[in-house]
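Q: Next come the chains, spelled out residue by residue.
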Amino acid sequence: MSTVLTQATTSELDDFVNLSAILTGIAASMLKPFLDTHGTAQTYLDIAKQKGGAALTELMAVYDANRTQPPANIGTIILEQSGDTVAYMAKSIMLLWYLACWYDPQELAAYRADPTNGARFTVVSSDAYTQGWVWRVGQTHPMGYSTWSFGYWHQPPQPLSAFIGGGNSK
Amino acid sequence: MSEQNYDVVIVGAGVSGALIAKELGQAGKKVLILEAGRDGQGSYEDYLERFYMAQAKVPESPYTPPIVDADNNGFQSPSNPSNQAAGRPSTLTLSQNTWQDRNRSYLDQQGPLAFASTYERVGGGTMRHWLGTSLRFVPNDFRLKSEYGVAEDWPIDYDDLEPWYGKAEAAIGIAADVADQDYLGITFPDDYQYPMPAIPSSLVDQTVSAGVEKMPPVDGVQLTVTNTPAGRNSIPYQNRRVCAGNTNCIPICPIQAKYDPTVTLYEALQYPTVSIMYQTVASEVVVDANGQVSAIKYLQYDDPNGGVTGSGSVSATRYVLAAHAIETPRLLLMSTNGGRTPNGVANSSGHVGEHLMDHPIYLSWALAPTQLFGYRGPLSTAGIEDLRDGSFRSERAAFRIEIGNEGWNFPIGDPATTTLDYIVGANVSQTNAGSKSFFGDSLTSRLNFVLTRQFRLGFLVEQTPDDDCRVTLSPEWKDSLGLPRPRIEYNFSDYTKLGFVAAKQTATAIYNAMGAKEYTRQPTAADVGSDPTVFAITVDANGNPVPDGQAAPAGSTTDYFRFYGAGHTVGTYRMGTSPADSVVNPEQRSWDHPNLFLVGSGVFPTVATGNPTLTLAALALWAAETILSDLG
Amino acid sequence: MKRAIGFAATVALSVAACQTNDDQAALKSSALAPINPIVTTCDTTSPPVPPNVVTPEMANSGLPCTLTFTASKVDLTTLQEAFDFNSWLTFMALSQPVDASNSAADLQTVWQGWSDLFAVMREDGAPPLPFGAVQPPPASCTGAPGAPVMRMISKTPTTPTLSVSGEPLNTGPLIDQNGHYVRYQILINEPMYNYIVRNELYSKAGQQKFTDSIAFPEGRLDTLTTGAVGAIVVKAAWKVMAGSDDPSRFQTTTAYVYTPAEPGVPESCHRSTLGLVGIHIVHKTAGEPQWIWSTFEHVDNAPTLAQASNVTATRKFNFFNPSCSTSKCPYNRQPPQPWNPSVDPFPGEFRSQIVRATSYPTEATGSAALWNRQFRAAVKGTVWENYELITTQWPTDATNPTDPEGAPFPLFAANTTMETYVQGNTPLASSTCMSCHNNATTTTGTRSDFTFVLEKAH
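Protein chains in written order, with the numbering used here: chain R, 1 to 170; chain Z, 171 to 802; chain F, 803 to 1260.
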């Protein structure tokens, strides 16, 4: 179970989820389902606040200032036009959703400069690991956590849209 | 503690020890098992939690003692085997910086190459992290010398072992169809049925199969994709659930659909005459003046990072060492009996610890031209077995090809690596030329594109038994009980290396036939000598190896290869026909001490071309029958 | 999000138990009758809104055919409360005495009259006994005609008993403070029984012939209080009444405690009074195709992990000794092997030291506490006041296209008597009804609709 540091106001959590949807490409209604049994959105927001501090505040301010723009523009503004602090904080958040792991923004910046020695990270929790989005983007399940039945691997999976929502793709 | 007399004392609660204990218990024999590691019962949550939280999800990662410690920030790095009472090797200590660091590497690796496989010291043993592959050896595997003039023959042949294969398949619970498995001379009794129907093939298997069907023969052999027999439930068996395709067989099946020896161990312990002591490390095999083993001494510990808290010895009518192929010779070599057996016990041949072998793996990987949806199903459901035998075996190592269902997880640690590439803007995966970063729909579509096309082929090469591969005792490195850790010398013969050359060519040919784009990254000359898992081989224009140090004639080519361990540690107390050049006779009985049996993969004279588990399980059941016959 | 919304109504349940002595006629008539008959007595009582509380009449208002949800707000809390209320109504309805006019102390409940697993999945795949018929006991069992035979020492049967425990992942049996093995029963209701019989799923041969998907009948509400009950499975855990146990605090039964013969050990059977210590009730409904998983325990079973170190020494638990140190009595450790129930009491000093170790989210703990308080007060003066709901696990997204488990909530659920050694919060390894039962298959390896009953066929 995650430790809730401060009870997020609904709009703060909604903003975080909406921004996460823009960045990750996963539908917001899947990142935070109506009945949210795992509570990963709140968990990741808490981690982002605790580990990101001012960087998160800055990121959310950029989002807030540009929230009426089309999603593609918001993403570009954050990842390419608002400086490294904002960009790498956003990438850390994307990796929380995709891999259920926390990669510090500085770690990611160093990795981009030279990936030879890898990037250090920690796994958020066993529960979060089972909800990692990279697997669903691959139309599969996390290694070590399957809810499907014997023989499923003999047939193709459902389309990508069943996994990540939206009219995203094929 | 106890010195009561048992019928049999078994060192090691892995698959061999558990199978023998169960057979003996069923016959009412009094058995004591000594297990160095901790009790595995009731620890499934502990193991799986450790796995989920592991930053490096390597085969040994769930088990104990933990292979990593975490710093204040939670970052995991290799733990210190000098501080462990029953430590074990880790694939995290095979880099240049770690493989010879006594505070990182459990094994005292002397090289020139690193021994890259690992084993467990825990109730249930190494097979807890096996994949499940349960192949029978092909008949010529037992006759490498008489058929091809290479290495050794086994003192038994396929027909001798065949009935035991059937019994082992029932004991473990193997899913396969006989109709798929009678290739290269493998035979079954009429009407033989595997315990369970075959595991269905994956889309990766189907895609590879469609490609190899179009290939011309390789070395005169037409390649086909064959379903792999597996110790994995396709129907409910032994009160265990059916496989749900968790794609995690190595290191741990979350639902125990894959057999592990705790199943047999707990059945054995249901017999009132079978008992076990955990956290009990056998430290010496005591031999009396008549050359009989008279006792096993042991040390015990409470804290896995602490020292000795107890000691004792046990005696029995028969003794079985089943501690796997590095810890068993270690025990034998440690057993100097106050100087009376300076070269260790059971070692008049000098071959204890010698001929250490593995299946070194040549790993290749590619993107298929169409989606084949990896990361689904068991880690492997099929392979290409056709090249396990053939006339080429007189010149170069044979291999089997394992088709992986787990994308590029093994070669590059995916999907994490490629995800980092596309989010951060890097190109470690080689699929992100330009190292751009993406978000939103372009991120999901690009990531989906590669993840659904990734696949890998692993070539398990038959390493020859060599004189420069051995287990001895480290003169200086110790564990926290004060016992010397194993010292390893390891290298590959040219015969083995030529197997890699052929593997590389075969991989590329398969990818070409499939229309797949190969991404296998070969090491370079700079890696040789710095990366202990990299070697070079130079062959002249006729394909003959050019010895090290000799000038390469015109037309020579040099290949650099990275190898991985398959986890198939064998050969270090081999069986044979003469006490001069083997440690045990065909009954797996020590030539030197008639009341001592050595079981497990250490008895293999060659590593053969199939994964060792089914064969060593068959041999263990055979040894159990011999022991029962001894006991009368 | 699909949710069955019902009307608030209070209806008394009337149960007619028809039992014939003619096996053939009974089987034949069940072959003609509907598998999942229409009933007009579906309980659609909705959870009382404060300041209203559960009354005795409400507590005994009858068996819901499906969930009734009437809250104005829809969230995890209100849904959990509706499911937990539903669980209590179901538990009380099924625990009505079969013969309501008999005021004798040892009253058999409705669910105790259902078909036992062994009466359905018989040796050699023979057709099941008629619904509710009790298996003739082994010859060594005498002295209590008609009494059920308790032969299971874990929540799944193992054959023979001395083989590895049937608990998932080789865990183990439960030994009470008097050194007796806890015994288990699996019982199925009539619609479930009918589906198995009609489709010949009671044998391996029959399962091999069956080519459809397994889909047990569903509880549903058609109009007002008319609908169908659907399939219900009960798993019960029973403790031998002995020593200082007070049978008046338990629902008790007279049963044969039976252990089959093993090499060197003759079979044993003795008549005993057993008290109910745990019960799973699993109900398939149209709205919850992954079934609704309710679990109850006797209030004296065990402390929570947090409470365990502060328990007063004189407090009496069924499976915990407050005076034993953690070094001598480590929590939730399996008994040492061998597990031989014919050696009774358990040799040596070992007694199971159990604590409740699964963490539940606040929506679940709050709801369970709310309804336990009210229902236990409403049934005060009966044995049922000594039972409490642990939780109800239910699918939050039953039609999710990529998750056949339907996103269960709470994520984990365990009964200390039945998932004793897998209480925790680790995905897949710790007890979670739906995830484990999602792996259930027939003997041929095909999905069996969340029940392991079918894999027990011979």
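Calculated from the structure, these hints are not laboratory results.
For every residue, glycine included, the Cβ atom is placed at its ideal position computed from N, Cα and C.
Treat each hint with caution, since some may be false.
Below, in silico cross-link-like pairs of lysine-lysine (DSSO-like), each with a Cα-Cα straight-line distance of 27 Å or less [unchecked claim]:
1) R/Lys51 to Z/Lys606
2) F/Lys1006 to Z/Lys337
3) Z/Lys337 to F/Lys1118
From the derived model, a few chain F residues whose C-beta atoms are all more than 12 Å from chain R [to be verified]:
4) Leu878
5) Thr1056
6) Glu1064
7) Pro1124
8) Val1185
9) Thr1204
10) Pro1206
11) Asn1227
12) Leu1230
13) Ser1232
Listed next, with one range per pair, are the computed distances between beta-carbon atoms [claimed, not checked]:
14) F/Cys1126 to R/Asp14: 48 to 54 Å
15) R/Ala113 to Z/Asp350: 46 to 52 Å
16) R/Gln106 to Z/Asn267: 47 to 53 Å
17) R/Glu12 to Z/Asp241: 54 to 60 Å
18) R/Gly118 to Z/Ser481: 39 to 45 Å
19) R/Ala27 to Z/Gly477: 41 to 47 Å
Q: Given a hint of 47 to 53 Å, does the C-beta separation of R/Gln106 and Z/Asn267 actually sit inside it?
A: violated, 23 Å
Q: F/Leu1230: least C-beta distance to chain R exceeds 12 Å?
A: violated, 6 Å
Q: Given the hint that R/Lys51 pairs with Z/Lys606, does the C-alpha gap stay at or below 27 Å?
A: Holds - the C-alpha atoms of Z/Lys606 and R/Lys51 are around 26 Å apart, at most 27 Å.
Q: Given the range 41 to 47 Å, decide if the beta-carbon distance of R/Ala27 to Z/Gly477 lies inside it.
A: The hinted range 41 to 47 Å is violated for R/Ala27 and Z/Gly477, with Cβ atoms some 57 Å apart.
Q: Looking at F/Ser1232 again, its CB stays over 12 Å from all of chain R?
A: violated, 9 Å
Q: Beyond 12 Å from every Cβ of chain R: is that where the Cβ of F/Thr1056 lies?
A: The claim stands: F/Thr1056 keeps its Cβ more than 12 Å from every Cβ of chain R (closest is about 42 Å).
Q: So F/Leu878 supposedly isn't at the interface. Is its beta-carbon more than 12 Å from every beta-carbon in chain R?
A: violated, 6 Å
Q: Taking the closest pair, is the beta carbon of F/Asn1227 still more than 12 Å from chain R?
A: violated, 7 Å
Q: Would you say F/Val1185 is clear of chain R, with no C-beta pair closer than or equal to 12 Å?
A: holds, 34 Å
Q: Taking the beta carbons of R/Gly118 and Z/Ser481, is their distance inside 39 to 45 Å?
A: The hint (39 to 45 Å, Cβ to Cβ) holds, given that R/Gly118 and Z/Ser481 are roughly 43 Å apart.
Q: Is Z/Lys337 close enough to F/Lys1118, meaning Cα to Cα at most 27 Å?
A: violated, 50 Å
Q: Looking at F/Glu1064 again, its CB stays over 12 Å from all of chain R?
A: holds, 33 Å
Comparing the model with each earlier hint shows violations of hints 3, 4, 9, 10, 11, 12, 13, 16, 17 and 19; every other hint is respected.
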